[in-house]
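One-letter residues, chain by chain:
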Amino acid sequence: MSKAFNVSRQNGFTTIAITCFVLLYLPIILLVVYSFNSGTSVAIWEGFSWRWYQSAWQNDQVQEATVRSLIIALWASAISTTCAVLAALATTRTRKFKGQAAVFAMINQPLMVPEIVTAVALLIFFAMIKVATGYTGLAYLIVAHSAFCIPFAYLPIRARLQGMDLSLEQAAADLYATPFKVFRRITLPQLWPGILAGAMLAFVISLDDVVITEFVKSAGQDTLPTYMLGQLRRVVTPEVNAISTVLFGISVTFVIAFTVLGKIKN
Amino acid sequence: MVFAQVSGDVEKTITGGTLKVATAISVRNLRKVYPGQPPVVALADASIDIKDNEFFTLLGPSGCGKTTLLRMIAGFEHPTAGSLTMHGENLLELPPYKRPVNTVFQSYALFPHLTVAQNISFGLEMLGKPKAEIRQTVDEMMALVKMTEMADRQTGQISGGQQQRVALARALAPKPRVLLLDEPLSALDFKLRKDMQLELKRLQMETGITFVFVTHDQEEALTMSDRIAVMNAGEIRQIGNPRQIYDQPAERFVADFIGDTNFLPAELIETAGQTATIRLSSGKQIAARAAESGSQKGKVTLAVRPEHASIGPEAEGLLAGTLGEVVYFGTDTHYHVALEDGTGFVVRQQNRPDATAQFSSGDRVGVHFAPGIGQVLKD
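Order-wise, the sequence lines are chains A and B. Under our numbering, the residues of the first sequence are numbered 42 to 307, in order. Under our numbering, the residues of the second sequence are numbered 4 to 382, in order.
Here chain A stands alone, though its shape is the one from the complex:
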């Protein structure tokens, strides 16, 4: 019996694996632990307390930034998911056309172009619009977030559409359902786990974006991540740990929900 190549039997595999996991998770564990520090340092443990959670909760700036982050994330995930559903339908439910690969690449462009490039481009583009219109509201951030969230919403929706049995849609058409009714009555009810998964992924991605937000936001438009970045430049207290821990908890919840949704059978 010949032994198949098994990477887990190679020398040093365990050491490398453990090192990787420690580097990945130890900082997060420390961050969470120190969020309960009663002292003002993020490095010296002085005892357990909830004080930094209270402090964050009562901090007007944190409150404002949180609300702003949520508004942007909700809008961005709604807009990007809608676009993603349409894009996924166009790339899976139409006959193959020339340049389909190019369209696919364009939809996923935000995944490939360095974020900083997108950020600078948007900064310049929005600056021109601001000059022309005088509008300085949240819409810029929402539009920017929607744009880079599209591929994240698109991928799970497209995967779901590709996995669906095409004969169901044909059967519906055969039973006198117009194309719109086929979508409404057959495709959509089976697609919703994909749509929900896409929307949640887009929401999380929008919620913790720093680079593009930092470039696009006007004065007084801090989101939670950019507020934290700003705080770090001045004085570092475990309050930042506390906010991070809450964000971390929300993200983990969403990722778990995303995985569960992906497993719902057709």
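Everything labelled a hint here was simulated from the structure, so no lab data went into it.
Derived BS3-like pairs (lysine-lysine); straight-line CA-CA distance at most 30 Å:
hint	chain 1	residue 1	chain 2	residue 2
1	B	Lys197	B	Lys178
2	B	Lys149	B	Lys178
3	B	Lys134	A	Lys222
4	B	Lys287	B	Lys300
5	A	Lys222	B	Lys178
6	B	Lys287	B	Lys302
7	B	Lys149	B	Lys194
8	B	Lys197	B	Lys149
9	A	Lys137	B	Lys101
10	A	Lys304	A	Lys137
11	B	Lys287	B	Lys381
12	A	Lys222	B	Lys101
13	A	Lys222	B	Lys132
14	B	Lys302	B	Lys381
15	B	Lys194	B	Lys178
Some, not all, of what chain A presents toward chain B, calculated at C-beta under 8 Å:
hint	residue
16	Asp206
17	Leu209
18	Gln211
19	Asp215
20	Leu216
21	Ala218
22	Lys222
23	Gln231
Heads up, the beta-carbon is just placed ideally off N, CA and C, and yes, glycines get one too.
Please arrange chain B on chain A, whose structure you already have, making use of the hints.
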């Protein structure tokens, strides 16, 4: 070498007179070519007339174009050339959802998020029928396929045979004039398939709907169909009723595909109408059926069904040979004979309690069949 019998209206005799049967679906020179290097011809100029109230079967091996033809009638594929009409109306102009035909899919394609009753009512809802009528029709359909007690089940909670019946009820509910069935029994086990064959035939007769049935199972085709079109490599090779297809195969492919057949080398002496005189390799002459009169004299192949032949003493046979394997099947026995000219020949003889002649492996035997029973095939 296409042997497509294209006929217009056909007369069916009923007691005391004749009745003209209208053509339900008319297929004319329908062609489907998939682009590629080289292009794939899925269907080559098929022409068929399917009559009203007919159980019509498209039979052939996989890849013969039978499903392609069915999907063109349903509207899921578009022909490269040709015409397709239904009761005179051009079907090719209509999208699938406007064609008055319904399909039973090979995979059943039941809507997994709907119950049995909701699946059956789907087509009626799409047609905008009134609620009361929908409820009544759904009840009727569920009774017809004996699924009344399963009305509120999810389609994932019922067995394969039940899913099959729901798929059938769903397609029948809108009362289409033509029902298309794409190998609907292939996923069922043997026993269930036999039951469903009878069931389908009963439904077809009760509803009077034209059935266009696709299968690769020749036995299924023979037992259920009014007429069969045998297809191979994108071409229709023969159209006829089961008896014609079985007893008078037009060519070697059909004879080989439908049932078991012995092929004998022979020489055509003369033909008179549909009767031919041929000389066997043993030198003996016998009458046989010819597919068409005026066939070329010379080398031909004679097709003889195993059950149409018998074995006996060497001297009494048309052909002589050595008995090889003898395989006992209960109802009948298969005798494998190696003929003197080198060809193999199988005789299938029914087992009778009074059987006297017993032969065993290695014996010299004679093979006999009645005049006029063999079919002459062009070589």
